[in-house]
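Student: One-letter residues, chain by chain:
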Amino acid sequence: MSIHSPPALACRDVTVRYGDVTALSDVSVAFEPGLIHAVVGQNGAGKTTFARVASGLVQPTNGAVEIAGQVIRTGHVRESRAAGVELVHQSFALPPSFTVAEAMEFGAPGRGRLYSRKGLAEKWRAHLAGLDIQVDFSKRIRDLPVETQQSIEIARALITDARVLILDEPTAVLSPVGIEMLFARVRRLKQRGVTVILILHKIREVLGIADTITVLRGGRRVEGPVLAADISADHLATLIVGDAVKGHKPGDRDALVGNGGAHADVPSGHQRYASLAPALVLSAVSTVPDSEGAPLDKVSLSIRPGEIVGIAGVEGNGQKTLVRAIADLAGLSAGTIALGGEDITRKSLAARRAAGLRIIPFERNIEGLSLTSSLWENWSARELLQGPLLRLVNPARIRALCDGSLKKWGVHYHTSSQRAGSLSGGNAQKVILAREIDDDAKLIIAAQPTRGLDIGATAFVWESLRAARDKGAAILLISSDLDELFDISDRVVVMLSGRVAGAFAAPYDIQSVGAAMTGAGAAATGTQR
Amino acid sequence: MNDVIIAILRSGTPLVYVTLAGVIAQRAGVWNLGLEGLMIIGACATILGIMLTQSYAAAIVIAIAMCVIASVLSWFVIEKLKANPIIAGLGLTGLGIGGTALAVESIFGSQATVTAPFGAPKLGAAFGAYGVLSIFVAAMPFVVFALWLLLKRSRFGLQLSASGEHPFAARGVGIQPVRMRLIALSIGGILCAIGGAELATGSLQFFAQGMTAGRGFMAFAAVIFGAAHPIGATAAALFFAIAGALGIRAQLMFGDKVPHDLLQALPYLATVFGVWLSGKLGGAKTAGSFGELKDQ
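Protein sequence lines correspond, in order, to chains A and B. Going by my numbering, the first sequence opens with residue 1, and the numbers climb by one from there. Going by my numbering, the second sequence opens with residue 1, and the numbers climb by one from there.
These are computed hints drawn from the structure, not numbers from a lab. A few of these clues could be false.
Below, computed lysine-lysine pairings styled on DSS-like, alpha-carbon distance capped at 27 Å [claimed, not checked]:
| hint | chain 1 | residue 1 | chain 2 | residue 2 |
| --- | --- | --- | --- | --- |
| 1 | A | K407 | A | K320 |
| 2 | B | K152 | A | K320 |
| 3 | A | K320 | A | K408 |
| 4 | A | K139 | B | K280 |
| 5 | A | K408 | A | K442 |
| 6 | A | K139 | B | K152 |
| 7 | B | K257 | B | K152 |
| 8 | A | K118 | A | K139 |
| 9 | A | K347 | A | K320 |
| 10 | A | K123 | B | K152 |
| 11 | A | K118 | B | K122 |
| 12 | A | K320 | A | K442 |
| 13 | A | K442 | A | K298 |
| 14 | A | K298 | A | K347 |
| 15 | A | K347 | A | K442 |
Please model the entire structure based on the sequences and the hints provided.
Tutor: Structure (structure tokens):
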């Protein structure tokens with residue numbers, strides 16, 4: 001590529017404000033054609049907003065976007081697509097009930113004719129074959145594994161012969177093997193002349209694939225694009241993190257930016273409690289298949305007090321069902337569950353909670369909090385639900401208790417009667433921690449507890465879980481972020497298709513954990529199945 | 001036998017048209033509970049149009065115009081004023097029932113029914129016993145087929161479904177879900193006008209206050225029962241019509257033994273059964289979340 005050809009994509013002084021929040025401020029950046037560019041930064045740095053401005057989904061408050069030297073009208077997806085920019089979203093954006101062929105067709109440019117199902121499959125067969133994607137065209141999107149969904153989404157983005165392909169956090173849902181396959185695909189696209197912009201937040205991945213690196217922090221461009229060869233992992237980590245985690249453990253810092261390799265040994269708090277009976281024992285638990293996810297298949301799992309057990313696995317392999325089974329929200333077809341030595345298989349969720357079960361749920365804003373209710377109502381829910389239905393409550397007393405607790409947990413808020421929905425993600429999660437982590441907690445389930453949080457809040461959640469562990473609680477951590485799991489888990493268990501596909505102890509080997517996640521060579525790594 | 005089929009087609013045709021309006025709205029992501037209101041506006045406007053212009057064609061045009069205006073109004077309330085679609089739909093129903101009663105009273109004084117000098121054009125003697133049916137009955141299968149092509153075999157249909165099921169995905173490829181819903185509700189307005197016209201002038205030729213008697217809600221139930229599929233929902237609407245016709249039959253035959261109120265309730269019981277069944281079979285799943293237009 002000649003140095004004089006215009007940039008494939010350029011932004012000039014782009015600012016995006018949502019009300020009082022400035023998501024991007026004065027970002028100017030130009031990407032050379034034909035290369036793989038990485039845009040990195042922590043959650044909340046403005047990466048996704050940047051991608052959406054470039055693709056026309058978000059209208060910037062001011063600033064201009066140029067594609068291959070042409071200034072385009074901002075805020076118009078059709079214009080951006082016509083100019084050759086396509087975006088693949090973080091949480092995939094294909095209607096779940098569509099078949100593969102329909103998913104290709106619905107966003108195709110030009111005017112569509114009436115089609116037959118067969119004709120539609122014929123029409124797109126060559127396109128998918130050209131991208132090495134083998135899939136049954138009559139399958140619905142919701143029935144496909146996440147890797148395939150992502151491939152379909154990439155194929156959908158390439159129907160227009162895109163010259164710039166932006167992938168927003170494409171690795172977040174993939175196993176290490178899936179990431180390698182994705183990167184191989186990205187390199188093939190580069191050979192075809194496509195400029196690829198990858199939005200990433202893990203340094204290891206960035207250095208493995210990118211030609212140039214651009215760093216965003218707090219909505220500003222702090223570096224780049226610089227050639228990947230010219231920047232060290234350490235410097236990159238400093239650029240991404242800023243001052244956010246001064247004073248935290250060095251192992252945490254590496255895990256936060258995905259710069260892990262060999263992890264520092266986890267300080268084991270569980271020795272003290274090793275003689276106690278297990279806090280949670282699942283014996284050959286199977287669940288009744290339902291519409292909400294892969295059923296469990298003879299899952300056995302035991303967690304001692306003072307131990308953090310991490311659950312690894314590609315999303316949709318039974319992690320949600322595992323939580324539902326422990327919370328009495330999924331029907332068991334076989335097996336028993338014991339909490340603190342007591343068989344709770346037939347007990348209700350309320351009884352289980354009374355026995356010390358605590359849950360930090362997957363969906364912070366749906367299951368975790370009632371966004372339209374006040375903070376004190378959210379905070380007091382756990383205790384109030386334990387009491388009798390007609391018990392009188394004293395709001396003034398609860399509010400005072402709530403204030404004390406929220407202050408202790410460092411929640412930034414104005415008044416305990418403000419709505420939970422008015423808090424930032426990190427503060428909202430702290431409210432849930434304040435409710436769920438108490439002295440009576442025997443088993444704390446932390447399901448994706450740091451998803452979407454910035455680095456400071458993530459480190460806080462980790463510290464809180466460790467502190468609870470050191471006080472003798474058993475912790476079941478479910479995460480799709482292997483760096484997180486490796487950093488704070490005493491053991492890691494891999495789930496695949498509703499089964500336990502492997503168990504690992506620190507120090508962890510990302511290769512063998514990754515292999516277990518995809519079912520490749522579980523035997524080769526010598527782990528039990 | 002012929003008279004049973006004729007009875008089913010007479011009561012079923014208005015229901016099918018209104019059901020199709022519900023299907024297209026549902027696929028665009030709007031739980032349209034305003035069908036009842038639109039249908040009665042269509043019925044009233046047709047009769048008043050005939051009285052005013054003495055022309056059936058002009059009356060239909062007036063009815064369509066009124067229903068489309070009312071539909072666009074509900075679109076405005078939902079999309080621009082951000083009202084909950086279910087509440088907006090119920091409001092539209094209230095507007096239709098109350099507004100038509102008010103219109104009739106203010107024009108004709110305190111008359112409960114308004115009779116027009118003539119009704120919809122009939123098929124004629126060439127169709128034998130079926131000649132008494134209106135042209136809308138004959139057109140109905142073609143309209144169903146056309147809508148099936150539009151919704152299930154065209155890119156427009158895919159874009160409409162995407163707008164309803166996953167608005168963010170639709171926006172991501174440059175579709176404007178808000179505009180798709182305007183189109184969907186406008187087409188629905190046309191279909192409701194025809195449904196109302198068939199109800200008031202297909203075999204009758206008068207308008208009575210509250211004459212839709214819950215048919216709009218039954219149509220909505222057919223949409224859910226039929227999982228918002230144009231043919232499935234049509235079948236559901238016809239199933240309700242058959243239940244109704246059998247109810248009338250049963251009244252004639254066993255009226256002295258079974259309380260006839262119970263037999264009259266048959267189509268409504270069938271509706272409840274149908275919705276229960278669709279929930280059981282998971283048919284309503286495609287319909288998306290409860291009246292919320294989710295976007296990212």
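Student: State for each hint whether it applies.
Tutor: To see whether the hints hold, each was checked on the structure:
{"no.": "1", "hint": "A:K407 with A:K320", "result": "violated (31 Å)"}
{"no.": "2", "hint": "B:K152 with A:K320", "result": "violated (34 Å)"}
{"no.": "3", "hint": "A:K320 with A:K408", "result": "violated (30 Å)"}
{"no.": "4", "hint": "A:K139 with B:K280", "result": "holds (23 Å)"}
{"no.": "5", "hint": "A:K408 with A:K442", "result": "holds (21 Å)"}
{"no.": "6", "hint": "A:K139 with B:K152", "result": "holds (16 Å)"}
{"no.": "7", "hint": "B:K257 with B:K152", "result": "violated (47 Å)"}
{"no.": "8", "hint": "A:K118 with A:K139", "result": "holds (13 Å)"}
{"no.": "9", "hint": "A:K347 with A:K320", "result": "holds (19 Å)"}
{"no.": "10", "hint": "A:K123 with B:K152", "result": "holds (17 Å)"}
{"no.": "11", "hint": "A:K118 with B:K122", "result": "violated (40 Å)"}
{"no.": "12", "hint": "A:K320 with A:K442", "result": "holds (20 Å)"}
{"no.": "13", "hint": "A:K442 with A:K298", "result": "holds (24 Å)"}
{"no.": "14", "hint": "A:K298 with A:K347", "result": "holds (20 Å)"}
{"no.": "15", "hint": "A:K347 with A:K442", "result": "holds (16 Å)"}
In this structure, the earlier hints numbered 1, 2, 3, 7 and 11 are contradicted, and the remaining ones agree with it.
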